[in-house]
Amino acid sequence: MSFCRLTAAAILLLGPSAAWSQSSPTLDKVKATGVVAIGTREASIPFNYLDDKNQQAGLSWEIALKVVDALRSRLNMPDLRVNPVNVTPQTRIPLVANGTLDLECSSTTNNTERQRQVSFSNTFFVVGSRLLVRKDSGIRDWPDVAGKNVVVSAGTTAERILRKLSSDNNWQVNVVLAKDISENFLMVETGRAVAAMQDDVILFSNIARARNPALWQVVGAPQQREAYACMSRKDDAVFKAMVDGIIADLMRSGGYEALYTKYFLKPIAVKGGITVNLPLSDDMTALIRDPNDRPYQ
Amino acid sequence: MTYAWDWLIFFKPSVTGEGLYGWMLVRGLGWTLLISLLSWLFALALGTVLGTMRTLTNRWLAWPALLYVHCFRNTPLLVQLFLWFFVVPELLPPAWGTAIKQLAPTTGQFLTVVLCLSLYTAAKVAELVRAGIEALPPGQRAAGAAMGLTQVDVYRYVLLPQAFRTIVPPLTSDFMNVFKNSAVALTIGLMELTGQSRQLSEFSAQSFEAFTAATLIYMAVTYGVVLVMRHVERRARIPGMLGTASG
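Just so you know, the sequences run in chain order A and B. When you line the first sequence up against our numbering, it's residues 1 to 297, in that order. When you line the second sequence up against our numbering, it's residues 1001 to 1247, in that order.
Honestly, the hints are just simulated from the structure, not real lab data. Quantities reported herein were computed from a predicted structural model and do not represent experimental measurements. Incorrect hints may appear among the rest.
Here are the simulated lysine to aspartate or glutamate pairs, EDC-like style, with alpha carbons at most 16 angstroms apart [said to hold, decoys possible]:
1) A/Lys29 to A/Glu189
2) A/Lys66 to A/Asp52
3) A/Lys31 to A/Asp79
4) B/Lys1012 to A/Asp52
5) A/Lys271 to A/Asp52
6) B/Lys1101 to A/Glu189
7) A/Lys53 to A/Glu42
8) A/Lys164 to B/Glu1134
9) A/Lys271 to A/Glu113
Listed next, the stretches of chain A that the computed footprint assigns to chain B, with coverage defined by at least 3 CB atoms under 8 angstroms from CB atoms of chain B [as the list claims (entries may be wrong)]:
10) 131–144
11) 164–178
12) 209–217
All C-beta atoms, glycine included, are put in the ideal place defined by N, C-alpha and C.
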């Protein structure tokens, strides 16, 4: 990854003229078509979502918009159009790999398997998987789920971790698979599973959106941290350096903390105003001090 | 396109530590076959009864069958599955609902899918059976009655054997549809073939290989259905009926 940092440094030092000497498929495509295609989600609160006015909003979405602003000035195209494309966990990687999307900023984990297909920017969020349970369920920590039904979203890192935890500790957990984030919560809400395992931040946002948030709580120490990052085409160092620079600048300038407060600590315009209420973690503080693009897996 | 192809992915160990990636597809195929074949058997049985009921003159039998076909044929399969899985257990007495929800997850999902797919497909089979019976010349029924056969015997020995032979070709496409429709199982978390290929694509990040393999497997399965049904068609053909009569 130091190569990317060097590239970024080189671009900063030599100015925009030198950057053109390196080709960037993303910049070329955007310049040629006048449109930038950005992958987003409809209900991944508070990263990407449609608010009560049906406007796209969220922390990741705002990062993507900052990239668009940078593209507008860099390519000198003030009327560059943004084409938001709704993605699902299943479609997002193929769509970036086949060139449909120029940038995808949502809640996508950076890991080595995925790096074979796409390139990841600097990390903009760190999560850990935890358990969402009904307060009266009697489940206080990981070992309490032994022999019980636990729901995970199919194909997520949480699924891998749960299967591994269960087989390593001989807990015999019944792994229930859900299609997406909302169905995941539906499974615990209707009692098909006693606990839902997911990235902690998604659990907190599920509670914030629940009919009666007081019924639910998040328990268990965070398992295996994951780094959320923006995806772009593989082998496009110029564009990656640009996105990396934007995220690093945001963290160094204090702009990131303002965004964090806006989306995680203050009410957001969903269902008439909900608050995710997730304090800044130690991992996040460390990340803001030292922006980087290292995956955990 | 910057996709990195890796066709050997199926022979590499899965990140979940549950064997090779290829095994995920094999397990998925197992579920697909089990769900589809069971649903098809139930659908054939139920569909025959319902289709017959629709051709009866007794309106107390014909109307319920008509209502059934309308309800199950005119709503999306996906909606039906969600109703069976998420809504029906909430409508039952709480003790029953809880008992259903406490079933081992895979058992619960499997039974729900088979129930849903059988009822849905039965509506289609019923329409075919009805069409097959109605396509027969009215003289057949009259001749049966004239020979002193009861209505049950007319259906059993005269109408249904001919109707079934007539509808073998359209039945083939419904038989194939069951295999394809069984992919809805993944929406309630049962990882059949499509579900497993999605898992494979998520875990390995090799989406195109995963879905190419799933496509080829589905094509092989449906081609198998075509071969079997072609054989059935040839054996069941009535010489002189339905175009070319070859011994």
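Each hint tested on the structure:
1. For the hint pairing A/Lys29 with A/Glu189, the CA-to-CA distance comes to about 45 angstroms; that exceeds 16 angstroms, so the pair is violated.
2. Between the alpha carbons of A/Lys66 and A/Asp52 the distance comes to roughly 22 angstroms, so the proposed pair goes past 16 angstroms and is violated.
3. Distance hint between A/Lys31 and A/Asp79 is fulfilled; the C-alpha atoms sit about 11 angstroms from each other, no more than 16 angstroms.
4. Restraint check: the Cα-Cα separation between B/Lys1012 and A/Asp52 comes to about 46 angstroms, which exceeds 16 angstroms; the hinted pair is violated.
5. As the CA atoms of A/Lys271 and A/Asp52 are separated by approximately 6 angstroms, the hinted pair is consistent with the 16 angstroms bound.
6. Straight-line distance between C-alpha atoms of B/Lys1101 and A/Glu189 comes to about 12 angstroms, which keeps the hinted pair within the 16 angstroms bound.
7. The suggested pairing of A/Lys53 with A/Glu42 holds, with an alpha-carbon distance near 13 angstroms, which does not exceed 16 angstroms.
8. Restraint check: the Cα-Cα separation between A/Lys164 and B/Glu1134 comes to about 59 angstroms, which exceeds 16 angstroms; the hinted pair is violated.
9. For a cut-off of 16 angstroms, the pair hint linking A/Lys271 to A/Glu113 is broken: about 37 angstroms separates their Cα positions.
10. With a cut-off of 8 angstroms between beta carbons, the region 131–144 of chain A has 0 residues touching chain B; three or more are needed, and the interface restraint is violated.
11. Counting residues of the region 164–178 of chain A whose C-beta lies closer than 8 angstroms to any C-beta of chain B gives 7; at least three are required, and the coverage claim holds.
12. Given a C-beta distance limit of less than 8 angstroms, the hint that chain B covers the region 209–217 of chain A is violated, as 0 residues qualify and 3 are needed.
Checked against the numbered hints listed earlier, the structure breaks hints 1, 2, 4, 8, 9, 10 and 12; every other hint is satisfied.
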